[in-house]
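Peer 1: If you want the building blocks of each chain, they are given just below.
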Amino acid sequence: MEHARHVFRVLLVVAVALGGITIARGLLVPRSYGLHGPYRSDNVAEQASVRAPLHGGAASCATCHEQRAAAVAKGAHRAVSCEVCHAPLGRHVRDGQVIAPMPFERSHALCARCHRKIDGRPAAFPQVVLEQHVPGGVHGAVCLECHDPHSPKL
Amino acid sequence: MADTIPATGEAEAARAVPRRRFLADALRLGAGAFVILSGLADGEEPGEPYDWEAHRWAYLIDTEKCIGCGSCVRACKAENDVPDGFFRTWVERYVASAEASHVDSPNGGLEGFPPLRVDFAPTKSFFVPKMCNHCKETPCVQVCPVGASYRTRDGVVLVDGKRCIGCGYCVQACPYGSRFLSPATHTAEKCTWCYHRITKGLRPACVEVCPTGTRRFGDMRREDDPVRIAIERGRVAVLQPHLLTEPHCYYLGLDKEVR
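Protein chains in written order, with this note's numbering: chain A, 1107 to 1260; chain B, 74 to 332.
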């Protein structure tokens, strides 16, 4: 019996250690960890709802601005989404209510982002040399004097 | 007790609701409640819930169409609140000749590109949009010591901001430079293919605003998906294929200069 007590002590220590590890693991490891792999799978749903979508797409603009959308669809900028030149829908409308007016940038800088002649652009894409396109060079809002940004082809 | 029942019973009987009316009202109330409750249930779950097993997302970039306008970079920054000076997607400009080449990406292409002067005579130049390649064999996920980086069943590599300890191993492991440590949260951040959008049936913000059709997003689990067809039948390339990371971001018109 003297020897059995030694064995019992060792078993007791092992049992306490195992219990301690199990409790510590339960406290430290997140609930959904390991369900689909070595990660916390609750995070997938968290990522899916991390924020409300800000961009609505051109179709969402057409729900209120039907005529404008129809006009743009006929012009050379038909492939350019409204949000490219204006701002994301979420800055203008939230929960169906207008929260702020859409910004209008009239500066040539907006047009130049796509249409300034620089290295890198495909040759077939319409581009202008800012210094030569109009007498005195392209400056300020001069683009709008000839071009309608919604249907820019003259 | 026995006395009180008949005493109030008479007064009660005068304004008691007839059984027939009571039943009719109860039915109306029940039906109304049913309509309201079923309406609430509909409001909580519009359409089908998202099933990640039903999708395998893929991205296709046609570099020959890119005009370097930077709309994608601005849209990404707005959509995902990307901190200043950091990029989840960016655009690079390559200017090259047979002997020399030059790459620039001023502020990630956020405000477009200025004219460029190089000390050689370039024979070609083009833009290449870059972003997380959402690799199948992800170096970034492999090195994460805390299980914060992972790849979802629908093929998107994500970072669990609550688990991330900001050690930066993944930032160094990514061969495409797609990750950064956010100065706001001090955790790793990267392109999520706008997971909050694609799980609602929308396209990533960069694809939504691309004016030239350079950026396209599709589902490899859908047989009639145009992007899937383009990837399966077209001659597509991936960045740094020798690393065997198996990116799900495919390129058309990729040049040998592009890394």
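Hints are not guaranteed to be accurate.
Stated by the list, open to error - Subject to a maximum C-alpha distance of 35 angstroms in a straight line, what follows is the list of computed DSBU-like cross-link-like pairs (lysine-lysine): (1) B:Lys235 x B:Lys138; (2) B:Lys273 x B:Lys235; (3) B:Lys209 x B:Lys150; (4) A:Lys1180 x A:Lys1259; (5) B:Lys197 x B:Lys329; (6) A:Lys1223 x B:Lys150; (7) B:Lys273 x B:Lys197; (8) B:Lys329 x B:Lys150; (9) B:Lys329 x B:Lys209; (10) A:Lys1223 x A:Lys1180; (11) B:Lys235 x B:Lys197; (12) B:Lys138 x B:Lys209; (13) A:Lys1223 x B:Lys273; (14) A:Lys1223 x B:Lys235; (15) A:Lys1223 x A:Lys1259; (16) B:Lys197 x B:Lys150; (17) B:Lys329 x A:Lys1180; (18) B:Lys329 x B:Lys138; (19) B:Lys329 x A:Lys1223; (20) A:Lys1180 x B:Lys235; (21) B:Lys138 x B:Lys150; (22) B:Lys273 x B:Lys150; (23) B:Lys150 x A:Lys1180; (24) A:Lys1180 x B:Lys138; (25) B:Lys235 x B:Lys329; (26) B:Lys209 x B:Lys273; (27) B:Lys235 x A:Lys1259; (28) A:Lys1259 x B:Lys209; (29) A:Lys1259 x B:Lys197; (30) B:Lys209 x B:Lys197.
What the hints assert, rightly or not - With the C-beta cut set under 10 angstroms, the calculated list includes, among others, these residues of chain B facing chain A: (31) Asn153; (32) Pro156; (33) Asp157; (34) Gly158; (35) Phe159; (36) Phe193; (37) Arg226; (38) Gly228; (39) Thr265; (40) His269.
Just so you know, these hints were derived from the structure itself, not from any lab. Cβ atoms here follow ideal geometry from the backbone N, Cα and C, with glycine treated the same way.
Peer 1: Now, for every hint given, state plainly whether the structure supports it.
Peer 2: Hints versus structure:
| no. | hint | verdict |
| --- | --- | --- |
| 1 | B:Lys235 x B:Lys138 | violated (39 angstroms) |
| 2 | B:Lys273 x B:Lys235 | holds (23 angstroms) |
| 3 | B:Lys209 x B:Lys150 | holds (25 angstroms) |
| 4 | A:Lys1180 x A:Lys1259 | holds (11 angstroms) |
| 5 | B:Lys197 x B:Lys329 | holds (12 angstroms) |
| 6 | A:Lys1223 x B:Lys150 | holds (25 angstroms) |
| 7 | B:Lys273 x B:Lys197 | violated (40 angstroms) |
| 8 | B:Lys329 x B:Lys150 | holds (29 angstroms) |
| 9 | B:Lys329 x B:Lys209 | holds (23 angstroms) |
| 10 | A:Lys1223 x A:Lys1180 | holds (25 angstroms) |
| 11 | B:Lys235 x B:Lys197 | violated (45 angstroms) |
| 12 | B:Lys138 x B:Lys209 | holds (26 angstroms) |
| 13 | A:Lys1223 x B:Lys273 | violated (38 angstroms) |
| 14 | A:Lys1223 x B:Lys235 | violated (46 angstroms) |
| 15 | A:Lys1223 x A:Lys1259 | holds (17 angstroms) |
| 16 | B:Lys197 x B:Lys150 | holds (30 angstroms) |
| 17 | B:Lys329 x A:Lys1180 | violated (39 angstroms) |
| 18 | B:Lys329 x B:Lys138 | holds (17 angstroms) |
| 19 | B:Lys329 x A:Lys1223 | holds (25 angstroms) |
| 20 | A:Lys1180 x B:Lys235 | violated (48 angstroms) |
| 21 | B:Lys138 x B:Lys150 | holds (22 angstroms) |
| 22 | B:Lys273 x B:Lys150 | holds (20 angstroms) |
| 23 | B:Lys150 x A:Lys1180 | holds (30 angstroms) |
| 24 | A:Lys1180 x B:Lys138 | holds (21 angstroms) |
| 25 | B:Lys235 x B:Lys329 | violated (39 angstroms) |
| 26 | B:Lys209 x B:Lys273 | holds (23 angstroms) |
| 27 | B:Lys235 x A:Lys1259 | violated (51 angstroms) |
| 28 | A:Lys1259 x B:Lys209 | violated (45 angstroms) |
| 29 | A:Lys1259 x B:Lys197 | holds (28 angstroms) |
| 30 | B:Lys209 x B:Lys197 | holds (32 angstroms) |
| 31 | Asn153 | holds (8 angstroms) |
| 32 | Pro156 | violated (15 angstroms) |
| 33 | Asp157 | violated (17 angstroms) |
| 34 | Gly158 | violated (20 angstroms) |
| 35 | Phe159 | violated (17 angstroms) |
| 36 | Phe193 | violated (12 angstroms) |
| 37 | Arg226 | holds (7 angstroms) |
| 38 | Gly228 | violated (12 angstroms) |
| 39 | Thr265 | holds (6 angstroms) |
| 40 | His269 | holds (5 angstroms) |
This entry does not satisfy hints 1, 7, 11, 13, 14, 17, 20, 25, 27, 28, 32, 33, 34, 35, 36, 38, going by the numbered hints stated previously.
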